[in-house]
Amino acid sequence: MIKRIKIGIGSCGLAAGAAEVFDFFKENVRDIDIVGVGCIGHCYAEPIVEVETDNGSIYYHSAKPNQAYLDKVLNMEDDFRLSFRPERSDRELPKVTKLAGKIDPISIDEYIQHGGYEAFQKALKMKPADVVEEVKISGLRGRGGGGFPTGLKWSYLLAQQSGEKVLICNADEGDPGAFMDRSLMESVPHQVLEGMLIAVRATGATQIFIYCRAEYPLAIKHLKIAINQVLDKKLNRINGQEIDIHIKEGAGAFVCGEETAMIHSLEGNRGTPRFRPPYPTDSGFKGYPTLINNVETYANIPIIINEGGEEFASLGTENSKGTKLFALAGDLKYPGLVEVPMGITLSEVVYEIGGAEKGSVKAVQIGGPSGGCIPADQFDVKIDYDSLESLGAIMGSGGLIFIGNNRCMVETARYFLDFTARESCGKCTFCRVGTKRMLEYLENITHGKGQPGDIDFLEDLGNKIIKGSLCGLGQTAPNPVLSTIRYYKNEYQKHVVEKQCEARVCNALVDLYLDQEKCIECGLCIKNCPVNAISDDFVIDNEICTRCNSCIEVCPTDAIGRTARGDASA
Amino acid sequence: MPKITITIDNRKLSVENGKTILEAARENDINIPALCYHDKVSHNTSCFVCVVKDTKTGQFMPSCAAIATDGMIIESESEEVQSMRQMALNLLLSEHTGDCEAPCTIACPAHAQVEEYVRAGRNKELLKALQIIKQRIPLPMSIGRVCPRFCEKDCRRNVKDQPVAINDFKRLAADMHYDTYMEDLPELNGKKVGIVGAGPGGLAIAYYLRLNGIASALYDKMPQAGGMLRYGIPEYRLPKQILDREIAHFDKMGGITILCNRELGKNLNIEELKNKYDAVAIAIGSWKPTSMRAEGEELAAGGIQWLEKIALNNWSGENPWKTIVIGGGNTAMDCVRTSVRLGSPEVYCFYRRTEEEMPAEQIEIDEAREEGVIFEFLTAPVKLTEKNGKKIFTCIKMKLGEPDASGRRRPLPIEGTEFDAEADTVIAAIGQKTAAPKGLILNRWGDIEVDSDNYQMADNIFSAGDCVSGPATVVEAVAGGRRAAMGIISYFNNEKYKESYIINVSRGHWQSLRPDDLIYLRDIRKSDRQKMHFIPIEERKKTFKEVTNSFTVEEIATEGERCYECSCTAKNDCRLKDFAEMYNAHPETIKGEKLRYDFDTRHPAIILDRNKCIKCGICVKVCKEVVNLSLIGFKDRGFGTHIDTAFGEVLPTSCKECGECIEACPVGALDWKEKS
Ligand SMILES: Cc1cc2nc3c(=O)[nH]c(=O)nc-3n(C[C@H](O)[C@H](O)[C@H](O)COP(=O)(O)O)c2cc1C
Ligand code: SF4
Ligand code: SF4
Ligand code: SF4
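Sequences listed follow chains A and X, in order. Every position in the first sequence, counted from 1, becomes a number in the numbering used here once 86 is added. Every position in the second sequence, counted from 1, becomes a number in the numbering used here once 2 is added.
It is worth saying that the hints were derived from the structure and are not from the lab. Among these hints, one or two may not hold up.
Calculated lysine-lysine pairs in the PhoX-like style (CA-CA distance at most 20 Å, straight line) [stated by the list, open to error]:
id : chain 1 : residue 1 : chain 2 : residue 2
1  : A       : K208      : A       : K372
2  : A       : K553      : X       : K55
3  : X       : K223      : X       : K324
4  : A       : K553      : X       : K401
5  : A       : K208      : A       : K112
6  : A       : K307      : A       : K319
7  : A       : K535      : X       : K593
8  : X       : K21       : X       : K42
9  : X       : K528      : A       : K372
10 : X       : K440      : X       : K223
11 : X       : K162      : X       : K528
12 : X       : K547      : X       : K533
13 : X       : K276      : A       : K372
14 : A       : K535      : A       : K580
15 : X       : K311      : X       : K223
Covered stretches of chain X, going by a simulated chain A footprint (3 or more residues, C-beta under 8 Å) [what the hints assert, rightly or not]:
id : segment
16 : 60 to 71
17 : 362 to 374
18 : 448 to 458
19 : 521 to 528
On a predicted model such as this, the values are computed, not experimentally measured, just so you know. Even glycine gets a Cβ: it sits at the ideal position worked out from N, Cα and C.
Please model the entire structure based on the sequences and the hints provided.
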């Protein structure tokens, strides 16, 4: 018996066409409830349809808005069934995301049916200091990137004797490729709100701001609905006050995710960070003591209050407790979102969960664009704050980008730095000018114009940018460069000294060649070359060729390839 | 107020609680540099030049914002901190565009403050102009006439039309006030220096020593002082009466004695001078002719020797009749033009390359041509013989090959093109060498080897001028002379002289600029350079009268209007420059893109040149926090961050009364247009 059918209509599902599937199912199915839900993390398989039955659920992948597909689903055929690989299911541990994709995100009742707001009710009965204590015991550290102990931060705010205290939820999620927070807000907005309400109870905050990037319309929509439901049920009456909950849509500057910049932005000023101390808990929004936590941090709170800090702390490593969400992207088979216990090894995440073949991944970039690269031979590192840092990377907010064997590490570092350099708020000399100069040096190197001494200069400048920048952006921006120099110095040297890119990625160091043996003279390459670099007798003129790769892509016999500059003519 | 104790660079300080590290340091006279700090506004913490290290945490922090806490141990001038500051300054310089100094001043070997004396001339303040000129040019009468005008070659006015006639400002200022103007001179301090050679180098040494209270005695081998000015430069370029006036001033200064007919190795000896004086300076010039490397060359006269002979004869002499001068330099031009004036009916200049490669000044070539001199290019000497009282000069035609070490294309003989030319006089003006007396340390070109900082050769012997540089110009000789004088003064103080480190950011050479690449404080209408006043050509050919007359005061004032005033309005109070010099930062260390912004001179009194802005944010905060307006703000992000006025409006004229942000701008990005 089918109880109901759930369709993932989170942003990832929508991008794959889930809206059309949802509409089609809604229109053509009479007697079964069709519910739109959030994301279950298996983005590679979207759109996903879940058929809920009395004895568990069956999942379908790659859903289509047509009758044939619908019939398969309704008949619960084997075709298109999504089987969860044990490599992943045995290792993931959905605690924060337990309800994500399982319940209707915009139904407070369904959330409550699944135990929602129990923790909040429990907290209301506890003394604020005890709530704070429980969070301290849990060992939870901020999931927004800084990793600051959450309980400790709360205790600072609690200690403030101020009539007004402000609580901010950092939902700016600026790391490109990261979507943990988005997914939580879309899939379980009430869980995030519950965490905030508990924080209000614990710290005595008097108003809430949720600062969410404007590019997350669905998350904002779900949050708004959830807030109204909370207000309807008067759950915002805490510590004898009615707490206002505001949503502010951020304009999309990465640096506005930094807490002091966020406060400036909320105050209506240019979003630039300022020197700390004073920390926001001493002087934040309009000078009031202010607590800022990340979406995922808040989403962990109900779990801690429900199961107790000690239980929470039983999971993980010495200094990193609980679970962490990671957004897997890049060169892997199964991109998506996954929640794993702290302390799991990187190799499990890469090979088992991500399904990357051994030897196919050169490194992962962890911690977003300003994180660091960890090379494959270090993949047995445990995922926790300290171990990652010792390798020159950071936990960051949970972006995990797989870097395949065919990538050039210099180009990869340049790519990441390009993002942070652009996003610098422009205040600090080192960050504003320094990152730009590092970028130019990297560009020179990838263009074969590197000079001896450039690598040393990059290291020197990079280390100084870290030391001489005000906020985390500048303090971490050089990481991709420094960590790739640390692990792949030979690649840098090859570019600088021999003017060679072994990965054949850097266009300036590469020629194209056409293997006459393999060529079947179909002429597709000639037709597709935008600059007419291929002659009628199938020879590529590398002087004309722009290395756009169009020919390589269209050649049916793989007769065209990239080789070292100057080799093609030889 | 409760006090706390902090340590900065090993000094324990007791300061009030709540102060920033920077405030604590400044109260105790510890100078921490800062660019974006301003005491009237909340901290910007953007420049990171004020960075210090907290040794306990190992962290670097901006001292303008970090509050001093009890027991803190701070490093402010450790090597590590200095290297951070240097990098911050190098980064700021790498995106900074402007002209710390005007290109003319940079081009002048003596670094005379050209823009300033041109401005004085424009204002008809020629005494003031002379005072500025004489700070670097002690021989303005002569240099105002004979200088090859390095400054004008780099003058930005070239972008639009012709350079400002800079040298004529010197000439007029000196004509008018040289005889009467006397510097403020200190009492003589008892030290005395013996100087060998009373040419430009020696005179400059004497001058700067005297300005510092040091007496000197100048010895010269010739009957009169002046060196090349008297015996190498023809009368029609520099009348000797004018030179006499110039030298008379040295006498008037008191403490400078000139002793003539005294020659090293003949009636003068260095050991004696060393004992007699506190220091000795050698400025004997470079007089020995270089060889033509052609058979029979002894039949030709050496250029300088030939001129010297005429000079000794008061610029008169026998008609040399048909004359061939070999060489393409200024001395060759002096010889051909002198030959013309002595009555020679036919004067040739043979040069082995083409006109383009000639080292002589173009104006000299042009004037020679006007006076009837015939040029034969790509012609080199082979041998010289004599027949029937006539000189037979065998030459060969040349062609230009690959560029040689000097960057000029090497002349190569074309086989079979030898020809004979007949002449009455042949003069080889192909260069000079230094004839240094024994006992001096020489470099591989045979010039005197000195320390490049203080021009010291050994113990108390210093040297400057052509004998150090090889044959060069008067202005270069006086520049060297000043350095040697400074070297001697420092030597007397038991120090070693080094020119202070000066950075110069430049928009670039005018040849790489277009008119709209420049920033103009003044109107840039096209206006032609004032025309020189030549005496009639017939008079030029027949007499040794000075070829040109000086400009009038009116003409100089009009010419002064043509100057763009290229240097930065903040050249005397730029903190970026000051700190860059303090921390040895350099504009070229880090290369990279510089963004181009419009400049805004719409306001009558204020210039906003964002190409100089270091994004310190002071103006933004001053306008907001002090003046309670928000007329200036930041735009964009990353490297493209820049300030702008609200809606790009002109700064309101009411700003003129306020001007707070302008006073506060650490560089010249926001500044008054008016220069002092
Ligand atoms: C450049 C920069 C961007 C940041 N972006 C985010 C962000 O998008 N989301 C977030 O939660 N924290 C971000 N942070 C971290 C916040 O400053 C702050 O540490 C965090 O919101 C604190 O919450 P937590 O303790 O729960 O992690 C960013 C920090 C920096 C320096
Ligand atoms: S480090 Fe970069 S982003 Fe952060 S405050 Fe400084 S300039 Fe702005
Ligand atoms: S325009 Fe004036 S300031 Fe500029 S280079 Fe010429 S003389 Fe000097
Ligand atoms: S213009 Fe403003 S921001 Fe720029 S350097 Fe001057 S004071 Fe600083």
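Could you check the structure against the hints above and give me the numbers of any it violates, in ascending order?
1, 3, 4, 5, 9, 13, 17, 18 and 19
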